[in-house]
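Novice: Read off the chains here:
2 protein chains.
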Amino acid sequence: MSDSRKDLDYLFCPRSIAVIGSLTGSWFGGNIQIKQLLGFGFTGKIYAINPLFESDKLQRVKVYPSIGQVPQEVDLALIMTSRNVVPQLVQECGEKGVKAVIIVSDGFAERDEEGAMLQKEIVGIAKSKNLRILGPNTVGVVNTAVNLVTMPYLMEYMNIREGSIAICGQTGNIGPQASALQELRYGISKICDFGNKADISELDILDYLGNDPKTKVIAMHLEDVKDGRRFLAKAKEVVLSKPVLVLKSGRTEEGAKAAASHTGSLAGKDEVYDSAFRQAGIIRADTITELLNFAKTLAYQPLPRGNKLAIVTGTGGGGVMGVDAAVRIGLEMARFSEKTRERLAQLFPGLENNPVDIGPAMAARRNIRALHQEAIRNVIEDENVDCAVIILPRLMTGIETSIEIFRDVKERLSKPIAIWDFGLDRPHTNERTQRLEDADIPVYSEIEDAVKALGIAYRYSQIRSRTSQSATG
Amino acid sequence: MSDSRKDLDYLFCPRSIAVIGSLTGSWFGGNIQIKQLLGFGFTGKIYAINPLFESDKLQRVKVYPSIGQVPQEVDLALIMTSRNVVPQLVQECGEKGVKAVIIVSDGFAERDEEGAMLQKEIVGIAKSKNLRILGPNTVGVVNTAVNLVTMPYLMEYMNIREGSIAICGQTGNIGPQASALQELRYGISKICDFGNKADISELDILDYLGNDPKTKVIAMHLEDVKDGRRFLAKAKEVVLSKPVLVLKSGRTEEGAKAAASHTGSLAGKDEVYDSAFRQAGIIRADTITELLNFAKTLAYQPLPRGNKLAIVTGTGGGGVMGVDAAVRIGLEMARFSEKTRERLAQLFPGLENNPVDIGPAMAARRNIRALHQEAIRNVIEDENVDCAVIILPRLMTGIETSIEIFRDVKERLSKPIAIWDFGLDRPHTNERTQRLEDADIPVYSEIEDAVKALGIAYRYSQIRSRTSQSATG
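Here the protein sequences line up with chains A and B, keeping their order. Letter 221 of the first sequence, counting from 1, is numbered 221 in our numbering, and no numbers are missing. Letter 218 of the second sequence, counting from 1, is numbered 218 in our numbering, and no numbers are missing.
Treat the hints as calculated values from the structure; they're not laboratory data. Idealized CB from N, CA, C, for every residue including glycine.
What follows is a list of derived Cβ distance ranges for each label pair:
id	chain 1	residue 1	chain 2	residue 2	range
1	B	D3	A	Q462	55 to 61 Å
2	A	N384	B	S465	51 to 57 Å
3	A	T24	B	R369	17 to 23 Å
4	B	R15	A	A370	40 to 46 Å
5	A	D438	B	D438	31 to 37 Å
6	B	K6	A	S275	57 to 63 Å
Next up, chain A with everything else stripped away, as it sits in the complex (with noise of 0.2 Å):
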């Protein structure tokens, strides 16, 4: 293992954790950290902080006045302070030994001259004292494998979803803070927030993720690169074991100028990051639910075997919208086999073209959840069929046969579905969406949402026979 995974294992798996900072905050601050480190049930020891907190417990922890003064090792320390005590801290964090801090403390920067100072000032003394700095102005980690949860900021849920999408970037904004991950069903091995990038940077969390087991797909915002040549070359490497996906802002000249006073950082121009991207095999997104709805697909569905597209549907004009995102990402629309194109028009005439429009089945026919679901298998299983989108009619409710189905071909026939759960009836489609999402099936709310994300596995799986053709080539 190389000395910066191992540095970052303290970071995602740390055995003990101190909170530096504020015990008073009603909404932010330590006491706010240990509360959730608690109810999500983090594994390993935690400690508190603080020379001015009247008790030496708070909940279940124990409160020193300095880190010096636990008597245990300390792997992780966050800090929550004014910026002004941060390297005395960090200097403090060094002498006991703590391997690795994340400094949720902002001002640095981002923020002014004086800011930029103290946080070169920071990295010299952790350098110095071996160890590593997540942040500062960053919210941290998540790492559901060891219920480790470092938010600052009160949140209503105690639950993330373990699974194999890593979530990391330059805010907070992608992170649990933000979304209710456990409710949108994602599956999630590790969430980062960069934050300014003072030490630990985009680089090594790319290389850490990219060696974790536990990852199967990189999700990654960021608004600047720091070592280009070096991030890509490591990327060209990830992108053959697993998808990079990234969501890249800051792309136009007034974006780069926020995002300078965001996180410090200064961004390139776009094209420049869209062809060198392009070349190391990396997915770009254009927004965060596109970030999320590639990464669904690309963790829980088999990769399609080509670019052939089924559409079986309950609305003709929203398979006419399916057909047009199909040409849009590359795909094609398949050409049944005449077997099945027999099959189909046996079931009900007209049904034997692809999209497959079961609507007018529907007005005509009694027994419609029986067709419908004959239909999608008919057409999931004929060979010229590489992928399939299916849309879901708010009426067609054989839930239980259809995931039987889905789970089926997945398994067997090894082809990667994608469904658009249609129409806007959010609290019906909502449990729907969960009972399938449940099942590994991913659920789009756009039907060309859910035709993109196929067609972005397609060109996952382009780029991995093309990367590692050349590589061994």
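Knowing the structure of chain A, use the given hints to seat chain B on it.
Specialist: Just chain B, lined up with the frame of chain A:
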């Protein structure tokens, strides 16, 4: 009033309706239509027509064996039978003096040669009898002003909020079957599914809605345009008084082929549509959600006087994404006046920049709610700001005061606002979203969507001033 508009009044404002077809379906059919007409509180008379029904009453409605036997006048008939008997039924409607017929039945020009012949026959009969046909292959219309909802599918709700957005298109997909519009809190004036457009076309509907005082925004889905020249001329006239938004699908060659088998329409090249729409002042949307997003801001917010945008955000990263989106849609980041900058800096150091990132202040201050509200007020009152996106963080729950501020801005300063309800914590954001949208303040689930909606509002303000100049010049 033109003849066409008078004819369409019978479609949208009938005094009496006859429902012709099966009265025993469990989730589709004439009895479902009647149930829903009653449930929505349709203000006119309703009759059921079925020669085989075993009773002369269905719910509170009288059943007659044929339309000719209804003793009272009938303005509108809904036909839901197998295609072969439709010509005969239209003939009978004509003889009875019915003014408009909605043909729900499918299997016409979109199915096969025989269906195309039948469709032609029906149009011939309608012309000779001076009655107008909507469809075939349509779910019909909604008019919230008279509680008219002709949906043949079972819906699970009985409330569509009355408002000023008209939604129409070539699919039931855009109507209440697909979208629980009351949950989305869009205020709707009218909905119309064109179906196969055998008689009443997008041109008739555009003309009608263009002159409908209840409709402030027209949102239209199209797969093809029958008479391009006249449609564009009409649109050019309508956009002087209200925006015309078009989602044109069948944009790709493959998509156009799929559209042909869906409603029998033949779409032309997308680039031709694109430039023709632009010249006519029509604004294009790319997805159903965009179509509704744009409509929401145009219907419920004043138009911006210029393109200078302010963003107030609780997430620095989200602010950067907002700036990127602004530049792409043709908005510019406002430069605050010196007075505003001073006031913002007094609230908290660093707040004087645009986007105004209140994140650091949130961590440092106690009364963050008041600070947030002061920041918003100062920013929006700045004379250099034409419109604003407010990113409401999950923890910022001062809804009452926010609503007051936003209302005041809209009414007194006449500046449009869009909200990004930041965070995907659905149960929480849904409640807040509902409160805001009930107060006619549009909320979006993506930062990009919020910014784009304001950009489109600015674009429409330019279209209107340009076209009104050329109309008077």
